[in-house]
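The lines below spell out each chain.
There are 4 protein chains.
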Amino acid sequence: MIHFDNDYMAGATDEIIKQLTLTNMEKTVGYGLDDYTAKAIKLILDACNLQNKGYVHFMTGGTQTNATVIDALLQNWQGVIATEEAHINVHESGAIETGGHKVLVIPSKDGKLAAADIDSYVTDFYKDDTWQHKVEPGMVYISFPTELGTLYSLDELKAIHNICQKHDIPLYIDGARLGYGLAASGITLPEFASACDIFYIGGTKVGALFGEAVVTSNPALLPHFMTRVKQHGGLLAKGRLLGIQFATLFTDDLYMRISRHAIAMAQRLKKAFVSNGYKLFIDSPTNQQFFILPNEVMDEMRKHFSFEIWGVKGQSETAVRFVTSWATTEKEIEALEEFLDKHNIQH
Amino acid sequence: MIHFDNDYMAGATDEIIKQLTLTNMEKTVGYGLDDYTAKAIKLILDACNLQNKGYVHFMTGGTQTNATVIDALLQNWQGVIATEEAHINVHESGAIETGGHKVLVIPSKDGKLAAADIDSYVTDFYKDDTWQHKVEPGMVYISFPTELGTLYSLDELKAIHNICQKHDIPLYIDGARLGYGLAASGITLPEFASACDIFYIGGTKVGALFGEAVVTSNPALLPHFMTRVKQHGGLLAKGRLLGIQFATLFTDDLYMRISRHAIAMAQRLKKAFVSNGYKLFIDSPTNQQFFILPNEVMDEMRKHFSFEIWGVKGQSETAVRFVTSWATTEKEIEALEEFLDKHNIQH
Amino acid sequence: MIHFDNDYMAGATDEIIKQLTLTNMEKTVGYGLDDYTAKAIKLILDACNLQNKGYVHFMTGGTQTNATVIDALLQNWQGVIATEEAHINVHESGAIETGGHKVLVIPSKDGKLAAADIDSYVTDFYKDDTWQHKVEPGMVYISFPTELGTLYSLDELKAIHNICQKHDIPLYIDGARLGYGLAASGITLPEFASACDIFYIGGTKVGALFGEAVVTSNPALLPHFMTRVKQHGGLLAKGRLLGIQFATLFTDDLYMRISRHAIAMAQRLKKAFVSNGYKLFIDSPTNQQFFILPNEVMDEMRKHFSFEIWGVKGQSETAVRFVTSWATTEKEIEALEEFLDKHNIQH
Amino acid sequence: MIHFDNDYMAGATDEIIKQLTLTNMEKTVGYGLDDYTAKAIKLILDACNLQNKGYVHFMTGGTQTNATVIDALLQNWQGVIATEEAHINVHESGAIETGGHKVLVIPSKDGKLAAADIDSYVTDFYKDDTWQHKVEPGMVYISFPTELGTLYSLDELKAIHNICQKHDIPLYIDGARLGYGLAASGITLPEFASACDIFYIGGTKVGALFGEAVVTSNPALLPHFMTRVKQHGGLLAKGRLLGIQFATLFTDDLYMRISRHAIAMAQRLKKAFVSNGYKLFIDSPTNQQFFILPNEVMDEMRKHFSFEIWGVKGQSETAVRFVTSWATTEKEIEALEEFLDKHNIQH
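Residue numbers (my numbering), protein chains in the order written: chain E, 7 to 353; chain D, 7 to 353; chain C, 7 to 353; chain Y, 7 to 353.
It is possible that some hints are incorrect.
Chain copies aren't distinguished; within one or between two, either way the pair holds.
Subject to a maximum C-alpha distance of 25 Å in a straight line, what follows is the list of computed PhoX-like cross-link-like pairs (lysine-lysine) [unchecked claim]:
id	residue 1	residue 2
1	K309	K33
2	K33	K276
3	K309	K337
4	K133	K309
5	K133	K319
6	K348	K133
7	K277	K59
8	K33	K337
9	K24	K48
10	K277	K33
11	K319	K172
12	K348	K276
Note that these hints are calculated values from the structure, not bench results.
One chain only, chain E, in its complex shape (with noise of 0.2 Å):
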């Protein structure tokens, strides 16, 4: 079985194994404060351009990075604008509004919010007589690239920061697969650092083990975070863990290689289906590919490859989703290529 369901199913570049394994009987100080961590804080500033001015915290998962961060980034009268298929907003069993905060969806397009409805939103919010009843907008969630595969302009990012700047409420982006981002957009961090307030660096989905890097340009923004980490359960005791994973991958560039490699693979994968005759579902330029097939090749092709039904199964066609990581090996394109040659749909 071939598996393209999603990014997280392999474990850590080799780098990372070699690095966690000649570390592993040192003794150092908990919670973060070793050495390891420190080293992978200057590494990941400088690879954004903060150096002096940033703040790094690492963190274990997604849902737990979002949920803390939006946490500490809301007051407790406010709420997080997103949009409807936000991984908020669907995915995390609740985990903002067991915070005690609301989802505020406005609507979008191919997953992605627009700076003038932001803009729209914020501003008739403020129209609105019974404003002190609603719950305030208070920050903006985006993720890149999107749920949907999807990624925003560098020029998007600008304009949507420029509103959150007008509105005076930070932009948070959720970076779970952010290398795959950059790579397909070729969009640079420091670039994306300084077109929002505070986003996190993926590594779960790009090449660690499990780990998620907090970073902003401006650290009041999360005021006694270490504690509010603890408080959501997110405060690792042997933090060295993310430092010395971290510092692995902001080492040689590791980081964007592997991002590279998994656009790479999903360029042919995707290729392979289109030349095959296969419809997009969505059309992504990520390592998230999305196609229509048809039922009885879909149940054909399950028999060898591994991959997510997006949604409910159709009557006659079904959506689903490819996705290629760092992991993913030519070998294993190679196989999937091989397969959609022989089951050409091209009429």
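Once you've looked at the hints, dock chains D, C and Y against the given chain E.
Just chains D, C and Y now, with coordinates in the frame of chain E:
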């Protein structure tokens, strides 16, 4: 100035003021354990045909009631299905989310949910392989009348209730304006009570100084409810104030008599607009009436009458809401009729 | 049966009932934005000598007030310092914890905190290397009078306030029985208001049907407070009911006049017990009086008088609480005096 | 520098690192639904003698586990009984309160609760007429070993469990250092598992990189637990990392072998202090050892050894904690012995 802003502008019916005055210097036990409250509970259970099997608890206001009841009904991994316009989704400052629960908005029409849409939503929820990562639908919330002044028919209520029973989730009805809904629809309290699991009888908007009576035919839905009410800041020390008011409202059919008066006033008001050429914004059978006014008429009207702009003022015409209540007088309606007759815009 | 159970058994002063009746059919805007409320706010600020610099918000009951104010004052990583017996630590069904905050109990004596103990606690907190893993002390809560009927002197209040200012945390005083405390101590409202950052003036137990007036000399402590109140279910639709009551209480010194009456009644009551040989359980100068009764006297007394057992009934004697209020009559006290004179247990 | 600060300074046992390396590039399903996790669950249930009737869920860290399990066990009107020193009461940044629950501190001795005290507390709770205004005791939390390094005997655990069963509330045991407690006491896992309702087997402090295994003989205690874990930010995407680690720890008795080693090291360490005239601060049989050091010895010692000051540095002598673990080497102990022999303070 004549007021049609809303239905909580005046105090209480004369009967209530009289009873509060008469009992004022009596000394009774607190927290609703007094005889007046016991009497009110009995009168309400009788009126609902829930003798010997129902449970009634009095609370102070609508948001408090919704937040407490919904928090009591839901498990911590569950959310509440509601319309986009639902009071709990818009105008309660996020009280439901403060309690840790997500409002699950599903499609609606004219402020109303349809049984079939609830059925699909819940059925599809468990078909999704990722459902454990999502917020489980744990109950349904509707308003009667709705936030748009519209009404469910008894058959519609029964259909929704059946779907809820099929999925083993309670149906809770926000009855902030229940009297007006019953008066306008002709549905009786026993019919209404049997078409849901739990609801509240609004007092604040229907004759009382304040107070809402939570009624359920299934007391097991509200375990340790007094403690939950106290946690939510809703336990009134002098609980008898609620008992006295509701005992009065449910003596000699007072609650329904004043409700019918408000509906009669609303119908005269609506007729006055329509017969003079004004357009309905929403066609409502209840005490909330929605019209579209040319801005110049609206501006003139505001010199003599107060009412609510519904949303934001338009370029040339604006949607507005006029509300009658138990306290609306014939004289107030006559003044409005006179104004509208003078401002006939029929072509 | 003559009742000394507590101080919230009767309705409201005649003056309040009269005002509520007089204004009953007026139509005013809701949520405390009406003129009566504005007038009450002005009267209270004047009475506290906080003209032009203070902020007043009316709420419905004590637990609601404590839960909302404390939630508003604290950051989410902070807790509230209090005594073991504090109302918020015992008798509010965990409303503070429901809001996400820990009650930090520190040693106390006779229901009172000492400035030095607060100082040590906060100072030592930050000396502990693990403080970021602990709940930061974010404010101090005391009651005046305390839950045991005792009083802080003005110097004691000032000392605590100074320590709070030293550590930059607000001092909040629960004034559920504030009138009785002021009447018993001779401390004036302006003195009291200047010896803390925020407090509430209890109405429920001192002359009103219900209602507490939150007062602060530092409005910045309560950002977006109306929204927070609504979230906590404490925003009364007919807010004027609170305004009318407090405007009445703060006209012609009514609040202090009825408070002084309750204290006079308490002193007669205390004297009746003591002079007939009964032991004090706690020596209280306020309207709550605590005695130790031989069980046979207690059982006999309960045929004619109601009062509270303080804790659990003992083997041969039991601690009890008698409470007077604005509504206690001379006749009620005389009946008690007569009983006690007949049951003199002096040796 | 030789480290005795705590038991989470090193990585993981060689066996775990080897298994993580061997399985690293495999692709498996996420969220703990993989075969490695299934195997670990089976091994643990076997080791606990809970075959076919127990439930195991792996989590990442101790505070996360406590917050999630306690939130899952309690109804929203309930709190958790614990000692003053309980980890949940002191060192979890208020995570229990963030989840809405009160920690109900009752008297304890040497960090331990007594069955009789729990019995009195719960019994008296319901004798208090105002119990509905208080936080109901909904479960008992104890730690094994305790935060002070002490141990309950099996009889003490059974007595507490019996009292919990009498009152129908679950007994939950925090086993962050469970291996060390079992090794020091001779209690077996099946004995331990049958003396409570739910507990966790600590991995972070006993051989794993991270991870705790929640074990219960009564799966009904944790409804919808995966969703609750996700809400609390504790669902690890690559869940197999936990499965692999625990499967390794529960193969060939590794967990108990390394635990016994740590206890042997602790005993040598203790002997080295005592035989050289140092006083015990607490007499602990487990891997946490507490001594009182003259400040001049302590200052000298800190040049070569790291350890924790327990509380605040004293005037002339100071309480300190030394901790051994699975990773403590004989060589490290020998160095300490040598130092102490040179600094013999026996008179």
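Outcome of the hint check:
no. : hint          : result
1   : K309 <-> K33  : between (47 Å within a copy, 16 Å between copies)
2   : K33 <-> K276  : between (47 Å within a copy, 21 Å between copies)
3   : K309 <-> K337 : within (17 Å within a copy, 56 Å between copies)
4   : K133 <-> K309 : between (57 Å within a copy, 22 Å between copies)
5   : K133 <-> K319 : between (44 Å within a copy, 10 Å between copies)
6   : K348 <-> K133 : neither (60 Å within a copy, 32 Å between copies)
7   : K277 <-> K59  : neither (43 Å within a copy, 50 Å between copies)
8   : K33 <-> K337  : between (40 Å within a copy, 14 Å between copies)
9   : K24 <-> K48   : within (21 Å within a copy, 30 Å between copies)
10  : K277 <-> K33  : between (49 Å within a copy, 24 Å between copies)
11  : K319 <-> K172 : between (44 Å within a copy, 24 Å between copies)
12  : K348 <-> K276 : within (16 Å within a copy, 69 Å between copies)
Checked against the numbered hints given earlier, this structure breaks hints 6 and 7; the rest are met.
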